[in-house]
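S.K.: With the hints as extra help, turn the sequences into a complete structure.
Going down the list, the sequences are from chains A, B, C and D.
Count the first sequence with full-length UniProt numbering and you get residues 1 to 509, in order.
Count the second sequence with full-length UniProt numbering and you get residues 1 to 509, in order.
Count the third sequence with full-length UniProt numbering and you get residues 1 to 509, in order.
Count the fourth sequence with full-length UniProt numbering and you get residues 1 to 509, in order.
In short, the hints are calculated from the structure, not lab data.
Don't take every hint at face value.
As the list claims (entries may be wrong) - What the simulated footprint calls covered on chain A by chain D, stretch by stretch (three residues with Cβ under 8 Å from a Cβ of chain D suffice, anywhere in the stretch; the number is not a length): (1) 123–130; (2) 204–212.
To be verified - List time: in silico PhoX-like cross-link candidates among lysine-lysine, alpha-carbon distance up to 25 Å: (3) Lys147/C with Lys147/A; (4) Lys105/A with Lys105/D; (5) Lys285/C with Lys297/C; (6) Lys308/B with Lys297/B; (7) Lys299/B with Lys243/B; (8) Lys147/B with Lys147/D; (9) Lys308/D with Lys243/D; (10) Lys105/C with Lys105/B; (11) Lys305/C with Lys243/C; (12) Lys243/B with Lys297/B; (13) Lys285/D with Lys297/D; (14) Lys243/A with Lys285/A.
Heads up, the beta-carbon is just placed ideally off N, CA and C, and yes, glycines get one too.
There are 4 protein chains.
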Amino acid sequence: MFGIVGVPIIEVAMAAQAAGIRYVGMRNEQAACYAASAIGYITGRPGACLVVSGPGLIHALGGMANANMNCWPVVVIGGSSDRNQETAGAFQEFPQVEACRLYSKFSARPSSLEAIPSVIEKAVRTSIYGRPGACYVDIAGDMVNAKVERNSQRSPNQPVFFHPIGAAYGRAETVLREFIETSGLPFLPTPMGKGVLPDDHANCVAAARSRALLLADVILLFGARLNWMLHFGLPPRFNPNVKIIQVDLCAEEMGNNVRPAVALLGDISAVATQLLMCVRRDGWKYPSNTEWWSTLKSKIAANAKISKALALQSTVPLNYYTVFHHISQLLPHDCIIVSEGANTMDIGRTMLNNYLPRHRLDAGTFGTMGVGLGFAIAAAAVEASQNTGRRVVCVEGDSAFGFSGMEVETMCRYSLPVVVIVVNNNGIYSGVDSETWKAMKQMGEAPPVSLLPEARYDEVMKAFGGRGLLVRTVEELRSALQLSLSDWERPSLINVLIDPSSDRKHPNM
Amino acid sequence: MFGIVGVPIIEVAMAAQAAGIRYVGMRNEQAACYAASAIGYITGRPGACLVVSGPGLIHALGGMANANMNCWPVVVIGGSSDRNQETAGAFQEFPQVEACRLYSKFSARPSSLEAIPSVIEKAVRTSIYGRPGACYVDIAGDMVNAKVERNSQRSPNQPVFFHPIGAAYGRAETVLREFIETSGLPFLPTPMGKGVLPDDHANCVAAARSRALLLADVILLFGARLNWMLHFGLPPRFNPNVKIIQVDLCAEEMGNNVRPAVALLGDISAVATQLLMCVRRDGWKYPSNTEWWSTLKSKIAANAKISKALALQSTVPLNYYTVFHHISQLLPHDCIIVSEGANTMDIGRTMLNNYLPRHRLDAGTFGTMGVGLGFAIAAAAVEASQNTGRRVVCVEGDSAFGFSGMEVETMCRYSLPVVVIVVNNNGIYSGVDSETWKAMKQMGEAPPVSLLPEARYDEVMKAFGGRGLLVRTVEELRSALQLSLSDWERPSLINVLIDPSSDRKHPNM
Amino acid sequence: MFGIVGVPIIEVAMAAQAAGIRYVGMRNEQAACYAASAIGYITGRPGACLVVSGPGLIHALGGMANANMNCWPVVVIGGSSDRNQETAGAFQEFPQVEACRLYSKFSARPSSLEAIPSVIEKAVRTSIYGRPGACYVDIAGDMVNAKVERNSQRSPNQPVFFHPIGAAYGRAETVLREFIETSGLPFLPTPMGKGVLPDDHANCVAAARSRALLLADVILLFGARLNWMLHFGLPPRFNPNVKIIQVDLCAEEMGNNVRPAVALLGDISAVATQLLMCVRRDGWKYPSNTEWWSTLKSKIAANAKISKALALQSTVPLNYYTVFHHISQLLPHDCIIVSEGANTMDIGRTMLNNYLPRHRLDAGTFGTMGVGLGFAIAAAAVEASQNTGRRVVCVEGDSAFGFSGMEVETMCRYSLPVVVIVVNNNGIYSGVDSETWKAMKQMGEAPPVSLLPEARYDEVMKAFGGRGLLVRTVEELRSALQLSLSDWERPSLINVLIDPSSDRKHPNM
Amino acid sequence: MFGIVGVPIIEVAMAAQAAGIRYVGMRNEQAACYAASAIGYITGRPGACLVVSGPGLIHALGGMANANMNCWPVVVIGGSSDRNQETAGAFQEFPQVEACRLYSKFSARPSSLEAIPSVIEKAVRTSIYGRPGACYVDIAGDMVNAKVERNSQRSPNQPVFFHPIGAAYGRAETVLREFIETSGLPFLPTPMGKGVLPDDHANCVAAARSRALLLADVILLFGARLNWMLHFGLPPRFNPNVKIIQVDLCAEEMGNNVRPAVALLGDISAVATQLLMCVRRDGWKYPSNTEWWSTLKSKIAANAKISKALALQSTVPLNYYTVFHHISQLLPHDCIIVSEGANTMDIGRTMLNNYLPRHRLDAGTFGTMGVGLGFAIAAAAVEASQNTGRRVVCVEGDSAFGFSGMEVETMCRYSLPVVVIVVNNNGIYSGVDSETWKAMKQMGEAPPVSLLPEARYDEVMKAFGGRGLLVRTVEELRSALQLSLSDWERPSLINVLIDPSSDRKHPNM
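M.R.: This is the structure in C-alpha cells:
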C-alpha cells in the first residue's frame with residue numbers, strides 16, 4: 001500500500017500496517033498511485049493506493065489512467081467527507097466515485113461498514129479479471145473509526161489470480177521462447193514486452209525494428225495492440241498487404257484498426273501452447289537462410305555499426321550512446337530497469353537489454369511522464385520483501401526526474417537501494433549549455449524546453465542521506481555505477497551531464 | 001502562462017512567448033496549474049496553464065478543481081491527439097473535454113482553427129464573469145502547426161468587465177474598511193480574506209475566533225460561504241438563533257445551510273457601499289463599551305498571553321509559536337505570504353499578520369496540499385514583471401513541501417527571489433526525532449506520518465544554486481531570514497528544525 | 001407532482017397526496033418530466049417529477065435537459081436501489097446522481113433520512129435561485145419505508161422566491177410595457193416571450209421579424225440569449241455594426257457571441273425600471289415618423305397581405321394559414337397556448353397571438369419534441385387548482401402528437417379540459433395523401449417523413465372518453481373548436497386534416 | 001434502422017434506404033431505440049437507431065441503457081449541431097458523445113468524413129465483440145450533406161466473428177439440450193433464457209423455481225448473472241453452502257457476489273460441448289430417482305394444481321391465470337412472445353411456454369417499462385423481411401402499454417401483423433373498478449396506481465386501421481385471439497378486461 005495519510009484515512013494506514021500490509025508513505029499522491037500500479041504489473045496482484053479526499057484523490061487520477069491504459073491492476077482507496085456533511089460544503093467534498101469513472105473499471109462506495117469487504121473484493125477481483133485495470137473504493141470519513149460486528153459482514157471471497165493479458169504480464173515466457181526457437185521465426189518485442197525473450201536472443205530483430213515492421217508479410221501478434229506504439233498497423237510503416245494473426249484476451253481489441261487474417265481469442269499462454277503444438281506436430285520451421293532473414297540481419301549489422309561508432313565516442317560532454325553503452329555493460333542481467341524521458345527512454349530502450357520478463361517498466365502506452373521514481377520504489381519494495389537480490393535501476397531524463405524528484409526522500413526513508421541515473425541534457429528534448437543559458441537569460445526569455453544547466457540532481461539525493469554522484473566522463477560514469485551497484489544499504493543518484501545538443505536517435509536507425 | 005512543453009504543444013509555448021506572454025516552464029503540470037490559478041487570484045485576470053495531452057492534462061485537474069473551489073479564474077489549454085488518429089489508439093488519446101467537465105465552468109474544443117479565437121474568448125470571459133472558476137480549451141494536435149487566414153476568423157471580443165466574488169477578490173477593501181470603522185463593528189476575516197482589513201486592526205477579533213462565532217447574535221457575511229471553514233454556520237459552533245445577513249454575488253449561495261435573515265445579492269463592493277451610506281445617513285455606530293466587546297477583548301487578551309508565553313520559549317528544538325513569532329517580526333508588512341501544511345498553516349495563520357488584501361494564499365477552501373510552491377512562483381513572477389518590490393514568502397510544512405519540492409529548480413531557473421521557509425517537524429502532523437526513528441526502523445515499520453528526520457530540504461535548494469539554510473535556534477532563524485530577505489537575486493530556503501512533538505494549536509485558543 | 005409510481009417510490013406518491021400535494025400519474029416518465037417542468041415556468045415554483053429507479057429516471061432526462069436549457073425550475077425525485085444491494089446487481093441499479101449531472105444544477109442523494117429535508121431544500125432553492133434549472137434528489141429504496149424522529153432532522157429552510165430570469169419569467173411585464181410605451185420603441189418578442197406585451201400591440205414588429213433584426217442599429221436585449229433562436233446575433237441576419245445593450249441576470253451570458261455595447265447585469269424588472277426612470281426623466285421618445293418605422297410598417301403590411309390571402313383560401317384540404325386564422329379568431333385572449341411541431345409551431349407562432357405573459361409554452365430553446373401534452377396537462381392542472389377560468393389549448397403537429405399521444409388518457413383520467421388541436425399533414429415536415437401513400441407502399445418503402453395518412457388521432461381521445469372530432473373544412477373546424485371550448489368537463493381533440501403538401505412558411509415572410 | 005427523422009439526419013435515413021437498409025420511422029426515439037436493440041438480440045447483429053440532436057438523443061438513452069444491461073448489441077447514430085456553431089448556442093447543442101458514455105461501450109464522433117467508415121466499423125464491432133452492448137456514433141450536422149472522395153477513406157473492415165453471451169444469445173441450444181438430456185440434470189431457465197430448452201421439457205423445474213434454487217447443492221450456471229434476478233445467489237433464497245460452477249464469457253462476471261467452486265471462462269457453446277464430452281466419456285448420469293427429483297416433482301405438481309385451479313375459474317371479470325391459460329393454448333409454438341408489465345409479465349412468464357430459443361423478449365435485466373411495442377415492431381420487421389411465418393405476440397400490462405402505445409400507428413403504417421394483448425386491470429400493479437373509481441374521484445384524488453377503468457386501448461389500434469377487440473370472457477378472448485392470429489395483413493390489439501383486484505402471483509408458488 002502506497003499513499004499519503006491525512007484526514008480521514010490516517011487510521012486506515014495504521015490498520016493496514018497492523019494487518020501486516022506494508023505501507024509506504026510517499027510525497028505526492030501522483031507518485032504514490034504510479035507506485036501502487038507498478039506492484040500490479042510486477043506481482044500480478046494489485047497494489048493499493050491510499051489517498052485523502054478531494055485533491056488527494058484527484059492527484060491519483062493520473063496513476064489510475066496510466067494503469068488502465070497499461071492494463072495493470074491497481075486498487076485506489078480514497079477517504080471522503082463525513083456523510084452527514086455531504087452537500088453542505090464539507091472539507092474536501094467532491095463526487096469522488098463519479099470522478100473516478102473515466103479512469104477505472106469499477107468505482108463504488110460501500111453503503112455501510114458491513115458492505116466494505118464485498119466492495120473491496122469486487123474491486124480487487126475486477127482489477128485483475130479480464131483485462132486488468134484500475135478500481136476505486138470510496139470510504140466515507142465517518143466510517144473510518146466506526147465499528148461493526150465481524151459476523152454481520154457479508155463474507156468476502158478471496159479472489160483467485162486469473163486472466164492477465166499481454167505476453168509479459170501473462171507469464172507466457174516459457175512457451176513463447178519454445179515457440180520462437182522451434183519455429184525459427186524472428187521476433188520483435190514491444191517496449192514493455194522486452195525481456196519475455198532475451199533482447200540478445202538470436203531471433204530478436206529489435207535492432208531492425210522499422211525494417212522488420214515494413215517488410216513483414218505475416219505478423220503474429222501476441223497481445224500487443226495496434227495503436228500508436230505500433231503505428232496503428234497501417235502503411236506507410238506496414239506493408240499494406242500484411243496478414244496479421246492476432247492473439248488477444250480481449251475480444252474488443254480484435255480487428256482494431258486492422259482486420260486480422262486470423263483472430264485467436266484467449267490467454268496468450270494457452271494460445272501459444274496450442275500454436276507450439278501445431279508447429280511441433282507439423283515439424284514446421286522457418287528457414288534461417290531466407291532473403292528476409294538476410295535483409296534483417298544486414299540491417300541489424302548496419303545499425304549496430306552506427307550505434308557502436310556513437311557509443312565509442314568518449315569526448316566530453318558525452319552523448320547518449322556512449323552513456324548507455326557503458327551502463328549496459330555494467331548492469332546485472334537480472335536487474336529491473338525503470339525508464340522515462342524522451343530521448344533517454346527512446347535511445348535507452350534500444351541500448352539497454354532486458355533478459356527477463358517483467359523486468360522493464362517505462363512511460364508505457366499512455367506515455368506518462370512522472371512514473372519513474374514511483375515505479376522504482378514499488379519495484380524496490382517488492383525486491384526488499386522478497387529478498388531476491390535483484391537491483392532496481394531507474395534511468396531518467398532530467399525533465400522526467402523533475403516530475404517526482406522529491407520521492408528520493410522516500411527511497412532514503414525506507415532505505416531502498418535504487419540506483420537512479422539521470423541522463424542530464426539540461427532540458428526537455430534538449431537544452432543549452434551554461435554559457436548559452438547565461439547569454440539567453442540576459443537577452444530575455446529562455447526557450448520553453450530549457451531547464452537549469454548542469455542542475456545538481458545528485459545533491460537532491462544527498463540532501464536525504466543517499467549517495468549522489470556527478471559524472472561527466474566515461475571513467476566517472478563507470479566508477480560511479482560500480483560503486484552504486486555495490487551498495488545495498490541506500491539509494492544512489494548518478495547525475496550524468498551529457499552534451500545538451502546530443503543527437504536524438506540516429507535518423508538511419 | 002505556466003506549463004510543461006512536449007508534443008503537441010511545444011510550438012504553442014513558443015508562439016506565446018513571441019506574442020509577449022511570459023511563459024514559465026514548471027516541473028510537474030500539477031504545480032503548473034496551481035501556479036496559473038494563483039495568477040487569477042492575484043491579478044483578477046486568468047493565468048493560462050499549458051499542458052500536453054493525456055497524463056499532462058490529468059495532472060492539471062487538481063489545479064482546476066482547486067481554482068473552481070476557490071472561485072479563481074484560470075484557463076487551461078491542453079494539446080490533444082491528432083484528429084485523424086482519434087479512436088485508433090493515438091498517442092495519449094483521452095476524452096479530454098469530458099474529463100475536465102467536473103472541474104470547470106466551461107470545457108470545449110474549437111472545431112476549427114477559425115473557431116479558436118472565439119472559444120478562447122468564451123473561456124477567458126467565463127473564467128472571470130459571474131463566480132470565477134476554471135475553463136478548459138482543447139487544441140487538437142494537428143491544429144498546432146496548421147495555418148489560417150487572419151480574416152477568416154470570427155472576430156473575438158475582448159472581455160470587458162467582470163464580477164469577482166469575495167471581499168478580497170472583489171477589491172472591496174476600501175469601502176469595507178470605512179464600513180467597519182464607521183460602524184464600529186468587530187470583524188473576523190476568513191483565511192484568504194486576511195488583509196482586506198489589517199490583521200492588527202482594532203476591530204479584528206480573529207484572536208477570539210471561536211468565541212466570536214459562538215456568541216454573535218447577528219453576522220454580516222461578506223461573500224464568505226457557510227461551509228466547513230465556518231462550521232456550516234450551525235450549532236454547536238454558532239448560536240442557534242444567530243441572524244445572518246448574507247451578501248453574495250451568487251444567488252445559489254444564498255441560504256446554503258442556514259437561512260439568512262436578509263439576503264443581499266450583488267457585488268460586495270456595491271452592497272458594502274450602500275450599507276455604508278445607510279450607516280452614515282443614520283449615524284449608527286456600535287458602541288465600544290458593550291459587554292460583547294468586553295467578552296471578546298478579554299478572550300483576545302487571554303489568548304495573546306498564551307501564545308506569547310509559547311512564543312517566548314527558546315529552548316531547542318523550537319516550537320511553532322516561537323518560530324512564527326520571530327518570522328512575524330521580520331517580515332515586511334507588504335509581503336505576500338503563501339502557506340500550506342497542517343499545523344504550519346493553522347498556527348501560522350494566527351501568528352503571521354496580513355496587512356493588505358490578496359497578500360495571502362493558502363490551501364484554501366479545498367484544503368489542497370501541493371499548492372505552495374506553485375502559488376509562490378506565480379506571485380513572484382507577478383512581482384518580477386511589476387517590479388513592486390514586494391517579497392514573496394512561502395511558509396511550508398515539511399510534508400507540504402514534498403508535494404512540489406522540485407519546483408525550487410523553477411525558482412532558481414527564473415531567478416525568482418522567493419523565501420521558502422520549511423517548518424520541519426519530521427512528519428505529517430508530527431514526526432519523531434532521529435533517535436526514535438532509528439529505533440523504530442530497527443523494530444520494523446515506521447508510522448505512516450513519519451518522514452525522514454531532519455531532512456535537508458535546504459540542500460535541495462542549494463542543488464540548483466539557491467540559498468539553503470538550516471536553522472535550529474532563534475538566532476539562526478532571525479539571521480537566516482534577514483539574509484534571505486535582503487537578497488533579490490535568487491531564492492532561499494530556510495529549513496527550520498522544530499520539536500517533532502511540538503504541540504498543535506493550543507487547546508484553549 | 002407528476003410521475004409514474006412503482007418500486008420503490010409508490011409510497012412517496014401516497015405520502016405526497018397525504019401531505020396535500022397534488023399527484024398526477026402520467027403514462028411515460030418522459031412526459032411526466034416535461035409536465036413537471038412546465039409548472040415551474042407557469043408558477044415560478046418548481047414542480048416535482050417522481051420516477052422509479054434506472055430506466056424510469058433515464059426517461060426523465062429529456063425533461064431535465066429541456067428545463068435546464070429553458071431555465072425553468074424543476075425538482076426530479078428518483079427512487080433508487082436499496083443501499084445494501086449496491087454493486088451487487090440490484091434491481092434497476094444505476095449511478096443515478098452521476099447520470100443527472102449533465103442535466104442539472106444540483107444532483108445529490110441524502111445520506112440519511114435526517115438529511116432529506118435539507119437536501120430537498122437545497123434542490124428547491126437551487127432550482128429557482130440564480131438562473132433556474134433542474135435539480136435531482138435520489139432516494140435510496142430502503143429509505144422509503146424507514147422512519148425517523150422528526151426532531152432529529154436538520155431543520156430545513158423554506159426557500160423564498162427569488163431571482164427568475166427572462167422577461168416573461170421575471171414578471172417584468174408591467175414595467176416593460178410602460179417602458180415600450182413611454183419610449184415609443186418597436187419591440188420583438190422571442191417565442192416564449194410572446195405575451196409579455198400583447199402581440200397586437202402597436203409597437204410589436206413580430207410580423208416583420210427578419211427585417212427588424214437586419215436593419216436595427218441598436219438592440220436592447222431583455223434576457224434573451226443570442227443563440228440559434230436569434231441567429232447568434234451575427235451577420236447575415238444582423239447588421240454587423242449593430243450595438244447591443246444586453247440586460248441579463250446571468251453574468252456568464254454577457255457578451256456571448258457578440259460583445260455588447262453596454263452590459264447591464266441584474267434582474268430584468270429592476271433594470272427595466274431604472275431605464276424607464278431615465279427615459280421619463282429625460283423625456284426621451286423615439287419618434288413615430290422615422291424611416292425605420294415606415295420600413296417596418298410597410299413590411300408588416302406586406303406580410304399581413306400575404307398571410308391574409310393564404311388564410312382566406314378555404315379549398316379543402318386546408319392550408320396552415322387558413323387553419324390558424326380561424327383558430328385565432330375563436331381562442332379567448334386569456335387562453336394558454338401550448339404548441340409543438342415543425343411547421344405547426346413555426347407558422348402557428350406567427351398566426352396565434354398571445355396577449356398575456358407566460359401564456360405560451362412551446363418546444364423552446366432546446367427545440368424538444370414531445371413536450372406538448374405534458375405542458376398542457378401541467379397548465380390545465382394549475383388552472384384546475386386555481387379555478388382561473390382560462391382554457392388550455394394545445395396545438396400539435398401530427399408527428400409531435402405521436403411522442404406522447406397516450407397522455408390523452410391522463411387528461412381524461414383527471415378530467416382536464418384541454419383542447420388538443422392536431423394539425424395533421426400526414427407526416428414530419430410534410431407527408432403524402434392516401435392515394436400516393438398506397439402507391440408508394442406497393443412500390444416499396446415509404447419516405448422516412450411519412451406517417452399514416454389521415455390517421456385518426458381523434459379516435460385516440462375518444463378511446464378514453466374524451467371528445468374526438470375530425471375536421472376537414474373551415475366550418476367543421478370552427479364548429480368543433482366552439483364546441484370544445486364550451487366544454488369544461490373533459491378534454492377534446494380536433495384532428496384537422498390539412499393538405500399534406502401545404503407549404504411551409506411563405507418564403508417572402 | 002429505426003428512428004425519427006428531422007434536422008440534421010433526414011438525409012441519413014434516405015441514404016440508408018437507398019443503400020438497401022430498411023428504415024422504420026417510429027413515434028418516439030425512446031421506442032425507436034428499444035426496437036433497434038431488439039434487432040441485436042434477435043439476429044445477433046446490431047440494429048441501428050437514428051436520432052436527431054439534443055432531446056432526440058436523450059430520448060434514446062433508455063434504449064442504450066437497457067441494451068447494455070441486457071448485453072444486446074445496438075448502434076445509435078445521432079446527428080449533432082453544425083461544428084462551426086459549437087459553443088455558440090447552436091440548435092439542440094449538447095455534449096452528445098459525453099452524454100452517451102455511461103450508457104455505451106463506445107462513444108465517439110468521427111473527426112472527418114473520411115473517418116466515418118472506420119468509426120462505424122469500430123462501433124459495430126465493439127457492439128458485438130466481447131460482451132455485447134450499445135455503441136454511439138455522433139455525426140456533426142454539417143457532415144451530412146458534405147461529400148468525400150471514396151478513395152480517401154480509410155478502408156473499413158467488415159467485422160467477422162463475434163462472441164455473444166448467455167445461453168440464448170450464444171446459440172448454444174443444441175449442445176445444452178444434449179447436455180441436459182445426457183446428464184439427466186434438472187434445469188431452470190432465466191426469463192430470457194426461456195426456450196433455449198423447451199419450457200415443457202421433462203427436466204425443466206421452472207414450476208418449482210423457488211424450491212429448486214433453495215435446495216440445490218450444486219448449480220451449473222450457463223451465462224446467467226447472480227444479480228437481483230437470481231437473488232444475488234445468496235441466502236435466504238439459496239443454500240449457503242451451494243457450490244456454483246460458473247460458465248461465462250466475461251471474466252469480470254466470475255465470482256460476482258458468490259465465489260464459484262469452479263469458474264469456466266469461455267463461450268457457452270464451447271464450454272457446454274466440453275462438459276458434454278466429459279459426461280459422455282464418463283457415462284455419468286444424474287439418477288432420476290433421487291429424493292431431490294421427488295421433492296421438485298411434488299412441488300411442481302402442487303403448483304400446477306394451484307394454477308390449474310385458478311386457470312379454470314371463468315367468472316367475469318377474469319383473473320390472470322385464466323387469461324394466460326387460454327392464451328397459452330392458442331399460441332403457436334414458434335411464436336415470438338414479447339412481454340412487459342408487473343403482474344402481467346411475472347405471471348405470464350410462468351404460464352406462457354417458450355419452445356424455441358430467442359423467442360422471448362421482456363423487460364429484462366434492467367426491468368425497463370416501455371420496451372414492449374418497440375421490441376414487437378423489431379421482431380415483426382425481422383419476420384417480415386425473412387418471411388418465416390412466425391407470429392409476434394406482445395403481451396402487455398395496461399400501464400406498460402401506455403409507455404409507447406402510440407407505436408401501434410407504426411405497426412399499422414408498416415402493416416406489421418403484431419398481436420398485442422393488453423391485460424387490463426385498470427392500473428399499475430392493480431386498479432379499481434369503474435364504480436369505485438367514480439366514488440373515489442368524487443371524494444378527491446385517486447390513488448397513484450389507478451388508471452382510467454376499462455380504458456379502450458383497442459380503440460387506439462382501430463384509430464389507425466388495425467383490428468381492435470375488447471374482451472371480457474373466456475369465449476371472447478379465445479375467439480378474438482384466433483381471429484387475430486389468422487390475420488397476416490394488419491396488427492390486432494385485444495384489450496382483456498380482468499378483475500382489477502385479481503391477485504398477484506399466488507403466494508404459495
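S.K.: Of all the hints numbered above, which does this structure not satisfy? Sort the numbers upward.
M.R.: When the structure is compared with the hints, numbers 2, 9 and 11 turn out to be violated.
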